[in-house]
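Protein chains in written order, with the working numbering: chain A, 1 to 601; chain B, 1 to 601.
Watch out, some of these pointers could steer you wrong.
Where chains are identical, the list cannot tell them apart; a pair therefore holds if satisfied intra-copy or between any two copies.
Capping the alpha-carbon separation at 30 Å, the derived lysine-lysine pairs in DSSO-like fashion look like this [claimed, not checked]:
#1 331 / 511
#2 461 / 331
#3 488 / 576
#4 234 / 71
#5 511 / 488
#6 461 / 382
#7 511 / 224
#8 224 / 382
#9 384 / 71
#10 224 / 331
#11 576 / 511
#12 461 / 71
#13 36 / 511
#14 331 / 488
#15 47 / 511
#16 234 / 488
#17 511 / 382
#18 47 / 331
#19 234 / 384
#20 576 / 47
Don't read these hints as lab results, they were simulated from the structure.
Chain by chain, the residues run as shown.
Protein chains: 2
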Amino acid sequence: MAARTFSRRNLRFLLHEVLDAASLCTHPYFAHHNRKSFDLTLDAAEKIARDLLGPGFEEMDRQAPTLESGKVRVHPSVARVMREFGEGGWIAASFAEAHDGLQLPLTVGNACRFIFAAANYSASVYPELTAGAAHLILSFGDPALIDTWVPPMIEGRWQGTMALTEPEAGSSLSDLSTTATPAGDGGYRIRGQKIFISCADHDGVENVVNLMLARIEGAPAGIKGISLFVVPQKRIGAEGALVSNDVTVASLYHKLGYRGAPITELSIGEQNDCHGYLVGEPHQGLRYMFQMMNEARLGVGLGATAIASAAYCAALDYARQRRQGRPVGQKDPGRPQVPIIDHADVRRMLLFQRAVVEGSLALILQCSRWADLAAVSDGEEKEKSALLLDLLTPVAKSYPSEMGILATSTAIQCFGGYGYCEDFPVEQHYRDIRIHPIHEGTTGIQGMDLLGRKVVMQNGKALALLAAEIRATIETARGLSALDGLAKRLEEALGTVERVTGHLATLAMEKGPETFLADATLYLELFSIVTIAWQWLRQATVARAALHHRAGRADADFYAGKILTARYFFAYEVPKTEALARRLTDNDPLTLEATGASFSD
Amino acid sequence: MAARTFSRRNLRFLLHEVLDAASLCTHPYFAHHNRKSFDLTLDAAEKIARDLLGPGFEEMDRQAPTLESGKVRVHPSVARVMREFGEGGWIAASFAEAHDGLQLPLTVGNACRFIFAAANYSASVYPELTAGAAHLILSFGDPALIDTWVPPMIEGRWQGTMALTEPEAGSSLSDLSTTATPAGDGGYRIRGQKIFISCADHDGVENVVNLMLARIEGAPAGIKGISLFVVPQKRIGAEGALVSNDVTVASLYHKLGYRGAPITELSIGEQNDCHGYLVGEPHQGLRYMFQMMNEARLGVGLGATAIASAAYCAALDYARQRRQGRPVGQKDPGRPQVPIIDHADVRRMLLFQRAVVEGSLALILQCSRWADLAAVSDGEEKEKSALLLDLLTPVAKSYPSEMGILATSTAIQCFGGYGYCEDFPVEQHYRDIRIHPIHEGTTGIQGMDLLGRKVVMQNGKALALLAAEIRATIETARGLSALDGLAKRLEEALGTVERVTGHLATLAMEKGPETFLADATLYLELFSIVTIAWQWLRQATVARAALHHRAGRADADFYAGKILTARYFFAYEVPKTEALARRLTDNDPLTLEATGASFSD
């Protein structure tokens, strides 16, 4: 695909003009970077996306992985992707220099990942998973573990994975039953079954390093008895050679989309010869894993945003070229047909896609910036950044995933019948993105996480911090022409979130947690719309300032388009908050009253 | 698939208890039918769905049609489907006895089509298209045309199609350029290109009869110069044998879903030897075609409803069986996991699907009943039925299509990762249903049709009739426990539609048609929600009466479930009307202000 899959102007607008990414470089850890080096990094990412990832987009989907004699065969470009990502330093980009990393801020690293995923989501997953797994070992493993497993991963020779899910333990991780038996030599023997494990075997690498949750024999039941292990596909034998570690692929899933990457079912230790290496302390596995999980959740939101971006770019290009129909009220068939972008309803559909894509990307890069500050700053700023990141991770995971599905569907609609056909990329985008509300915690799980844990943690401190951030943006926008109305509506909508939260907190005390959380998914949606509205008001504020101070002609269109898209979001999306609030406060516990019999016929 | 794909209890509830289908039999045209014969017909349809259609559901998708040496090869079961539908009288079921039909009310005929499409949507299209095309010839063709073309179609030996779309004339039918040249012998020679024509060639039949729009040489430009022709794939030669009619398949589309049926691109008259036979009068083609188009639009809504029904049944069965997690607040890992239907959020997802499926089906059967009454009754009832059918056809086409996509997506979500895999049918349902907001007029077109034509026709008479119908239901429900609150909210929501309609009418006068219609798609959504809310209140009213008078234990659960689903619809869906109304009355013409430059970067 030579076609554009994202807007570089927008990416730089968000990084430099909205988030001032270069300001991160005042922290010693990032001091050797600057705005120019960030731009060079983005250019390099774009080149890789264009030359290495993009060309395989369609073919990796059409030639999906196969399982042959127990070995997963993937598209030949995967081996090249892993090698070039390793050689180019992309896998270790955000790691410390001490670990061969570049100490690149995640803000910029995630901007690069966005570029990669927009070109070819499936291909981008292989190195991204490897980076997450390596980071997990670096964070909690002892030096020997790090020295053994991490270098080949960041070189792109070995694949990393996260191996949590089991047949009886999907959303319910406390039911994990994979066991780790002490082997007497300080190591463990692992036995169990894992399902839905991405990239856990393929012929594009020499080895696979699974970061796996298992239960040490005799451990407490539930989540308090889960430990984290390195469970490689091949372990290092006596002579230093790789030997089989009794991890076999039981089956390969055939999927709706995301077909360029294999998802596997693993049988572990069927021969009682699977060695596992404990990471950190026993029984701390879930806590450790949540480092990778939280990174992955941000990554899921980012991947969904990237797919929706590619679909939006395709729809926009098509809408500019495809001629069909005439303006309402000018039906003279003697006049030429107009490009469909001239129809108000098509522009509405394009604005919807843009609002979702650029609103989501703004939030994810904002979250990435908080992740950077949580890592390198101190005191209040560190705590605040960590709390905001924690609070908004479920939003950054689920909003792009859920709304990205609607955005890619709208991209198909812009194409009409052509969008339903394989000649254009949008049908693949539509298939690819459907995984995102499922993997790394379904939307339902994210809703429970937001309302049941994040909003209430530390007595609502994170929510108070977010409200203060949002009100600061409102203050900046208030009184400015074109933005004053938006500022007022955001204040209203934020008030709605606070009112609903208070209502639900009362409900929790009066009726208990089940009633409190029954509509957590709707609360998540309400909360997300307000969060994205905030991101749009911020962008509009920056765009308005730029328009008044320094924009040339081309840039003027860009900035005016930003303000228009913000208006779109407030006119079409923000009103949904009232409908959600109405349900969330109507005190009709109908989903709790319902039973299996309610569905009988 | 042996699995259930629809609720027979619900279908009978709608037909007999809500719509009193047997009352149609008081009309002489339907007098030889009765409730019992209707039930026998439904049973027969169910048997065909189970034995003939269902088994091919997955295989027809996996073994999609191919184009070999100019001939489209389809799954072998297609030939059997066409033959058995012909022999069983299904294709002609609603036709007059004089034309070998059964004079079956469309109300019951569409219930059967629902059963067929729920088992295997692609397979159901072949006979349904044939029936629509045959009906068009019967309605407007002369006796010779009827005698020649219709009998083999209703016997299932020849396939019927509707051939409208061209490369430059998709949504814009006025730009049709296929030409018909008088041949001197009373016939015409056709020349042109058609795209996206379903089933226009396949090896399951001996011949294909395309009902094709073309422009007679010298005809006026635009829609006033379009005529309707029978353009067969093979015409009847001198000796009565079938000879090639110069209609060739230029290509076959490879599609996201709906793969069991071929969609073709046709080259017509490349050798100047394509004979076309005029149907009815010249230049009346679009008016004639709209008979088939309106039937097809109802059929699209029905197909979408059927697919969503199959997905819902699969999700419901899975949710009853799959155990995962424990109730909120009871996290003891020592206790067994519960079926996921025990989680409030899963029940919410199931109620959403049920509300969409059964609300849509209720509306479509109601529309079918109006179609029957428009055909067989007289005077005021005839006019009223025709107006209501006309008004609600865009709703019946688009609501099930748009919401069915969300319902099938929610079905996937109920399955979690398994829903994304080919082992379960829901990923195919999700692909199959995505065509429905596109074919036979996109949702954008339906919105323009509803607001720009149907609502304003005869000074708003149809809307006034609908409002009266809705208020009659409200009156019945008012004051009844459990329903009084719903009745009040429907009254409010109907008031919202009326207020918004008035606002837009004023806008039309003050600002012109472009402003009036800019958000017609949102108006359609608002209108649809209120229409479906009405259908749910009707169902709840009937269910409540049944509960109070005569329900046994099993039936009591069914009726209570109906009332619960109605509550769901009013609690979760109806509030969306306020958000839509807010946008529709906020007087910010932002999609009209936007230009191509607004999207520049």
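| said: Let me make sure I understand: some of the numbered hints might not hold for this structure. Which ones are they, in numerical order? | reply: 9, 12, 13, 14, 15, 16, 17, 18, 19 and 20
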